[in-house]
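Asks: Sequence:
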Amino acid sequence: MTEIYCLDRGGETLPEEAAALLPPWRREIYDRLKNEKVRQESLWTGLLFAYAVERRGVPAGEAAALLPAGKPVLRDRRELHFSLSHSGRFILCAVGDAPVGADVQQMRDVRESMARRFCPGERTWLESLPPEERKAAFFRLWTRKEAWVKAVSDERMLSLSEQDVLDPPAGMFFRDYDLPEGYAAAACCLGEDLPALTPVAPGDLRSGIV
1049 MTEIYCLDRG
1059 GETLPEEAAA
1069 LLPPWRREIY
1079 DRLKNEKVRQ
1089 ESLWTGLLFA
1099 YAVERRGVPA
1109 GEAAALLPAG
1119 KPVLRDRREL
1129 HFSLSHSGRF
1139 ILCAVGDAPV
1149 GADVQQMRDV
1159 RESMARRFCP
1169 GERTWLESLP
1179 PEERKAAFFR
1189 LWTRKEAWVK
1199 AVSDERMLSL
1209 SEQDVLDPPA
1219 GMFFRDYDLP
1229 EGYAAAACCL
1239 GEDLPALTPV
1249 APGDLRSGIV
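Letter by letter, the sequence shown follows residues 1049 to 1258 in our numbering.
Hints are computed from structural coordinates only; laboratory data are not their basis.
By construction, the Cβ of each residue, glycine as well, lies at the ideal position given by its N, Cα and C atoms.
Where hints are given, some of them may not hold.
Here are the in silico distance ranges between beta carbons for each label pair [as the list claims (entries may be wrong)]:
1) D1215 with G1109: 38 to 44 Å
2) P1107 with E1160: 43 to 49 Å
3) L1177 with P1228: 19 to 25 Å
4) D1157 with G1105: 41 to 47 Å
5) N1083 with R1182: 40 to 46 Å
6) G1058 with R1156: 15 to 21 Å
7) D1215 with D1124: 35 to 41 Å
8) D1226 with A1117: 25 to 31 Å
9) P1168 with G1109: 42 to 48 Å
Starting from the given sequences, assemble the full structure and let the hints guide the process.
Replies: Here it is, written out as structure tokens:
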């Protein structure tokens, strides 16, 4: 069973004391950051991760390790797969029993040349659309591809051109998620279909914060 948690933190900020509630491996990441905006994103992301895994009955303090491709895993809970993503006001955390990846992106202006990283069929589909629809379509593809990379990159980091996400093979599932205008989100899972987003309110993560 896979769950995709979505936090809309709006413009809320957390106090420095909230970092004490982060799992150790997320605290290490947080402590290395200097930019305050990025620190807040990391803080919210770490708390959402703790919330998600604890709802699966797994202590958030479990030690983590990095696979060769840079993907984080729980060292002694390899059977629990997870993926994190944040952009702007939104944060996603996917947890499940099968390899899973999630990605959210705040849409921005992009160069058309970036589409060269897509597969031929994806580029053909994108170019077939009216110009006013291409930005949203680009980010639909981009979030799907980032989610796929997160789901499957174990021994090496795969490139975006290695999988057509509009025509996935049997056993690979994608789902696009509706967020407010200006955002795109998607998830990829190997072996099982994907659920709707489970919303999480900022107040759900504030328990125990001084």
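Asks: Next step is simple, just say for each hint if it's right about the structure.
Replies: Evaluation of the provided hints:
no. : hint                         : result
1   : D1215 with G1109: 38 to 44 Å : holds (41 Å)
2   : P1107 with E1160: 43 to 49 Å : holds (47 Å)
3   : L1177 with P1228: 19 to 25 Å : holds (22 Å)
4   : D1157 with G1105: 41 to 47 Å : holds (44 Å)
5   : N1083 with R1182: 40 to 46 Å : violated (31 Å)
6   : G1058 with R1156: 15 to 21 Å : holds (19 Å)
7   : D1215 with D1124: 35 to 41 Å : holds (37 Å)
8   : D1226 with A1117: 25 to 31 Å : holds (30 Å)
9   : P1168 with G1109: 42 to 48 Å : holds (46 Å)
In this structure, only the earlier hint numbered 5 is contradicted, and the remaining ones agree with it.
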